[in-house]
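Trainee: Protein chains in written order, with this note's numbering: chain A, 1 to 398; chain B, 1 to 152; chain C, 1 to 329.
It is worth saying that the hints were derived from the structure and are not from the lab. Take these hints with a grain of salt, some might be off.
Now the in silico label distances, taken between C-beta atoms and shown as ranges [stated by the list, open to error]:
{"#": "1", "chain 1": "B", "residue 1": "73", "chain 2": "A", "residue 2": "71", "range": "17 to 25 angstroms"}
{"#": "2", "chain 1": "B", "residue 1": "88", "chain 2": "C", "residue 2": "192", "range": "33 to 41 angstroms"}
{"#": "3", "chain 1": "A", "residue 1": "41", "chain 2": "C", "residue 2": "234", "range": "16 to 24 angstroms"}
{"#": "4", "chain 1": "B", "residue 1": "45", "chain 2": "C", "residue 2": "235", "range": "49 to 57 angstroms"}
{"#": "5", "chain 1": "B", "residue 1": "73", "chain 2": "A", "residue 2": "150", "range": "35 to 43 angstroms"}
{"#": "6", "chain 1": "B", "residue 1": "73", "chain 2": "A", "residue 2": "120", "range": "42 to 50 angstroms"}
{"#": "7", "chain 1": "A", "residue 1": "211", "chain 2": "C", "residue 2": "131", "range": "30 to 38 angstroms"}
{"#": "8", "chain 1": "C", "residue 1": "234", "chain 2": "B", "residue 2": "53", "range": "18 to 26 angstroms"}
The calculated lysine to aspartate or glutamate pairs, modelled on EDC-like cross-linking and capped at a C-alpha distance of 20 angstroms, are [claimed, not checked]:
{"#": "9", "chain 1": "C", "residue 1": "246", "chain 2": "B", "residue 2": "71"}
{"#": "10", "chain 1": "C", "residue 1": "208", "chain 2": "B", "residue 2": "71"}
{"#": "11", "chain 1": "A", "residue 1": "361", "chain 2": "C", "residue 2": "42"}
{"#": "12", "chain 1": "C", "residue 1": "246", "chain 2": "B", "residue 2": "62"}
{"#": "13", "chain 1": "B", "residue 1": "143", "chain 2": "C", "residue 2": "310"}
{"#": "14", "chain 1": "C", "residue 1": "218", "chain 2": "A", "residue 2": "64"}
{"#": "15", "chain 1": "C", "residue 1": "246", "chain 2": "A", "residue 2": "304"}
{"#": "16", "chain 1": "C", "residue 1": "251", "chain 2": "A", "residue 2": "265"}
{"#": "17", "chain 1": "B", "residue 1": "22", "chain 2": "B", "residue 2": "86"}
{"#": "18", "chain 1": "C", "residue 1": "300", "chain 2": "C", "residue 2": "310"}
{"#": "19", "chain 1": "C", "residue 1": "74", "chain 2": "A", "residue 2": "64"}
{"#": "20", "chain 1": "C", "residue 1": "246", "chain 2": "A", "residue 2": "265"}
{"#": "21", "chain 1": "C", "residue 1": "246", "chain 2": "A", "residue 2": "294"}
{"#": "22", "chain 1": "C", "residue 1": "251", "chain 2": "A", "residue 2": "39"}
Quick reminder that beta carbons are idealized off the backbone N, C-alpha and C, glycines included.
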Amino acid sequence: MKFLPQDQLEAFLSHLAESAIVVAPQRDQDGVLFFQPWEAGAEVEFEQLLTRQSPKDYVFRQTETYLKFGYEMKGKAAAEEEEVGKKSKEGELAAAEEAPPEGEEPAHEVLQVEAVEDAPEQVIFGLRPCDARGYYQMDQVFGGYGGFYYDPYYMAKREATTLVALTCAQPWSTCFCTAVYGSPSGTDGVDLLLTGIEGGFTAEAVTERGEMLLGFGGFTEVGDGQADAAQTVKDEAFTAIDPPFEIEGVPQGLRDNFEDPAWHDLHMRCISCGTCTYVCPNCYCFNITDEMVEKSGERVRTWDNCFNPGYTLETSGHNPREQKFARFRNRFSHKFSYYPEKYDSLLCSGCGRCIRYCPTKIDLREVIRTLGQPHPDQAAPAEDGEAAGVHAQTGEDL
Amino acid sequence: MAQATDITTGTTASWDGEGRVKVVGILCNWCSYAGADGAGTARLRQPFDFRIVRVPCTGRIDPLHILKAFEKGADGVLVSGCHPGDCHYAEGNYYARRKLELLERMLPQLGFEAERFKYTWVSASEAQRWQQVVTEFIKGVEKLGPREGRAL
Amino acid sequence: MSPANGNYEAVEQRIRELARAALEEGRVDYFIGWTTGYNESEVIPGFVRSADKVDDLVWNPLAAYNLTTFLKRKMPDPPQAKIGVAVKGCDSRTLVSLLQENLVDRERLYVVGVPCEGIVNRRAVSKVFANEVVKIEVAGDQINVTNQDGETKQLAREDYLLDHCRSCNYPNPRYFDDLAGEAVPEPEDQTPMWREIEEFEALPEKEKDRLMAEAFEKCIRCYACINACPVCYCWDNCVCRSRQPKLVGQKVNAQENLMFQMVHMFHVAGRCPSCGNCDRACPVEIPLYLLHRKMNKELKEMLDFEPGIDLEQKPVFQTFDVNDPFGQH
C-alpha cells in the first residue's frame, strides 16, 4: 500500500495522461457529473458519489463502428461506364452488353470493407467499485467465459483499459452493493484502489497493471496510521449500507414467481423507457445495424434495451414481449436469475442508479424484496390462462 | 464551372462550382412542379444547385421531411405548392401552411439562418415567377454558404 | 405566482377521501395519485388498488409528475381498467389534449382536480449539496433541504419553483370530476409570459446551433422523454425507432439525437401545453422544456392558440382556417 498526497493528484493524472487517455468524473455545463476525457487543468470531482451514467461507454460504446463499407467500380473503363450510367439507364445496359476487349475484365462493382480500430490505451480514473464490477460482469459476457462468445471489439478496448477505483466514503440511500456480493471498497475488476483519507489517498494495487501505476514518483510510503485510517473509511462505508434484501434464493425465487400477479402491480409506474439500462454499469444488450446511404455506410453496434419494442420483435411481426409488464419482468429476471444461471455472478452491482434516475423512481430493491423470495401470501398457481388471459389483452389497441 | 444567367443583373455569373450548396426543393405535382417544368420548357435560366422532390400535394409534407433533408446535408430547402385556394385536393395546402409556418418559426431556434428555408406558392402557369423564386432563394443560400459543423 | 397558502394537508386529505370513495364504490379499479419515493425528497406516481391503501397518497409541492401519462394507449393494465387520476392544472391540459382527440375513454375515467400553487424544481434544489439530499420540505415561502449528514439549508421558494410554475396562468385544472380543495386564485391577466426562453431566442444562430449540439451530444436516446410525455402516444410504433422509413438513424450522436427530438416536438405540436414531464424525465438533464415552450410561443403568435384549454376545440394541426394570417406569399 502507498500514499498519494492530495497535492500530487493532478501530477498523477498528468503522468497517466502522458501514455493514455484519462477519463475522470467532471461536471458539464449544467452541473451534471459525467465521465469525460480529462485534460490538464480540468477540475475532477470526487465529492459526489456517482456520475449520472456509469463509465461503461468507454469500453462498451453506445455507438461502436465495426466497419465501413462501400462499392467501387472495377474493370473495363470504369469511369466511362459510370458516365454512361448517369446519362440513362438504357445506356448503362447497352454498355454492359458490349463484349469487353480481350484481357480486360468486364466492369463490375467490388465491395470495399474497411475495419475500424478503436481501442486507445485509457485509464478510467475515480470510478466506484460498483462501476468497476460492471466491467467485471461484462467481461464474462464478452470475454468468452465458459466457452461462450469472445467479442474482439469489447475485449480490445477492455484490455487497453486500466481501472483506478475510489472507495465510496459515504454511500447514498439508494446504494445496495453489499446486498449483491459487492462492497464500497470492492476490488472486482479494479486495477488500483484509492481510498480517500486525510491529506490524500491510500493506494492499493490489485493487479499487476495497478502495481505498475504505483511506480509514479509522487507516491510515498504509507505513514503511521494511514493504513488504519483507510480501513476505517472502508468499514464505515460498508456498515453504512443496510442490505435491503437477502440475495440467497433470489435467482430461484424469481423463477418461481414468474407468473406472480405482483408483477402487474410493480410495473404500473414503469413508462418502458430505457433509462435504467443505459445508466446501468452492467446492462450489455446491443443491436447491430447497417447505417447506409445508397450502397455505402457503416456497420454499427448500438446499445439496446429490453424495454425497446424492437428488442424482441420477430421477423414474422410477433413480439413475445409486447406487454410492458413482460419487459419489466425480463429486466429483473435477467439480472438476478437468467444471468446467474449462465455465469458466475449477478448482473447487478448495486449502484442504485436505476432507482435514482428512473423517471418514476422504480425501486429495484422493492421488486427483489417482493418477488425474489417465495411469496408468503402467494395463492396456488393460477389455472391455465387465468391470470395470463386478462393481461393478454394488453396488446390490443384501446 | 457551371454558368447561369443572373436574372437580377442580366449578367452571366458563374455559380461557384456545382454542389457548393445543395438545395432541395419539395414541389407539389400539380402547380409548382408544373411551373418549374414550364420554366424549363420556356428555357428560362435557373440555378442548377437544386434537387427537386415531387410530392402529390404540400399537405403530404411533414416538417420532418424538411429536417431530414437538412440532416442529410442540404444547405437550404424550398417548399412550393399551389396558391391557397387552388389546391388540387381543395385544402391540402391549408393544412400544409400551418405546419410549414411553425417549422419556419422554429428553425432559427435550432440554429438555422432564416434564409435556408422558405415555403411559397407557385402555380403551373407562373414559370417566370418560379424562376425568380428559385433564383432568389438559392442566392440567399449561396450567400450563407454550406452548413458546416451544424447541430442538425 | 402568489405565495403558497400551505394548504397541502387539507388537499391531501381530500384527495384521499375522493380516492377512497371511488375505490369503495367500485367506480374505479385503481387510483393514480402521488406517493413518496425512496426518500422524502422524491414524490413519485402512486397506484392504489384498494381503499385501505389510500393513505399512501400524498400531495405536496414535490408532486411534479404528470399522471395523465399513465392513461396513454397501452399503458393501463388491464387495458379496460376504470381509472381514477389526480391532475394539477398543467396535467389537466394534457388530459384535455388527449380528450380532444378521443385518445382516452372518458367513460372509464374519474378525474380528481388538484389546485396547484407551484411545484418545486427538485433538480435545482438537489444541487445545493454535493452529497445526497434526503428531505425537501416546503414551509410557506421557504424550502428546507436536508442532506444525508443532517445539514439543512433554507431556500426561497420563489427561486426554486419550476420555470413553468412561475409563469403559470392555469393553476386550477381545466377538466375534472371533483376538485380536491378550494380553487386557487388565477392571474387576472392570462397573457402568457415567455421570459425563460427570451435569453436563448436573442442569441445569434451560430450560438444557438452550438448550444443545441452541446445539449444533444449528451442525449443517450433512452426515450424517457417520449415515454414520459402524456401526449406522445405512438408507443411501440414511434417513427423514430422505425427502419422503414428510416427517419432517425441508430447511431447516437448530436445530429441523430436532435432529429429524434424533432420527431417528438413536431408530433406534440399543438397538443403539448409544456407540462415539463419530458424535461424532468431526462436522465441527463437536457432542457427539453424550453423547446416546447418556444413552440407554444410561436403557436400563440401564429394562431392565438394555447393547447389544452378548451375541450371542444380541434387540435390546430388537424384543421385550418382559410384566413390564417400567414403564408399569403
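Trainee: Among the hints numbered above, which are violated by the structure, and what are their numbers in rising order?
Mentor: 3, 6, 13, 16, 17, 19, 20 and 22
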